[in-house]
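Chemist: Sequence:
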Amino acid sequence: MHQLTQIELSNWLALYVAAGLCCAIAFALACATAAFEIYRDRSWSTVKSVRSALLFLPRTWWRWQKLYLTSTPVTLGIVTLFAASMRWG
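For what it's worth, the numbering used here labels the leading residue of the sequence shown as 30, then goes sequentially.
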């Protein structure tokens, strides 16, 4: 079985940290944007019954999910370029 060298191990660790950092930034930005859009649209004003309250939560989650998933190409690009800039051997 092939063992990782010290350089490869530190590179993989750095890549996981970079991906985690990018995802944390995307998470925070998606939350902030979704909150701002909900505030701007005054979406809570349409909640008039239990049924509309129950539907408000999935709509809010879907709004956040779409915002978060739009960061995927940027995250992949950043992490790929970061990995390409490393010396692996």
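Simulated from the structure, these hints should not be mistaken for lab results.
Note that CB positions come from ideal geometry on N, CA and C, so glycine has one too.
Don't take every hint at face value.
Unchecked claim - Listed below are the simulated SDA-like cross-link pairs for lysine to any residue, each with C-alpha atoms no more than 25 Å apart in a straight line:
no.: 1; residue 1: K77; residue 2: L58
no.: 2; residue 1: K95; residue 2: L83
no.: 3; residue 1: K77; residue 2: A53
no.: 4; residue 1: K95; residue 2: V46
no.: 5; residue 1: K77; residue 2: E66
no.: 6; residue 1: K95; residue 2: W117
no.: 7; residue 1: K77; residue 2: A57
no.: 8; residue 1: K95; residue 2: F65
no.: 9; residue 1: K95; residue 2: W41
no.: 10; residue 1: K95; residue 2: A63
no.: 11; residue 1: K77; residue 2: I67
no.: 12; residue 1: K95; residue 2: G118
no.: 13; residue 1: K95; residue 2: Q35
no.: 14; residue 1: K95; residue 2: G106
no.: 15; residue 1: K95; residue 2: C52
no.: 16; residue 1: K95; residue 2: R116
no.: 17; residue 1: K95; residue 2: L38
no.: 18; residue 1: K95; residue 2: S81
no.: 19; residue 1: K95; residue 2: R71
no.: 20; residue 1: K95; residue 2: H31
no.: 21; residue 1: K95; residue 2: G49
no.: 22; residue 1: K95; residue 2: M115
no.: 23; residue 1: K95; residue 2: A113
To be verified - Okay, the calculated beta carbon distance ranges per label pair:
no.: 24; residue 1: I67; residue 2: A43; range: 32 to 38 Å
no.: 25; residue 1: T104; residue 2: E66; range: 19 to 25 Å
no.: 26; residue 1: L84; residue 2: S114; range: 43 to 49 Å
no.: 27; residue 1: P102; residue 2: A57; range: 15 to 21 Å
no.: 28; residue 1: D70; residue 2: R116; range: 44 to 50 Å
Chemist: In ascending order, which of the hints set out earlier in this document are inconsistent with the structure?
Modeler: 1, 3, 6, 7, 9, 12, 13, 16, 17, 20, 22 and 23
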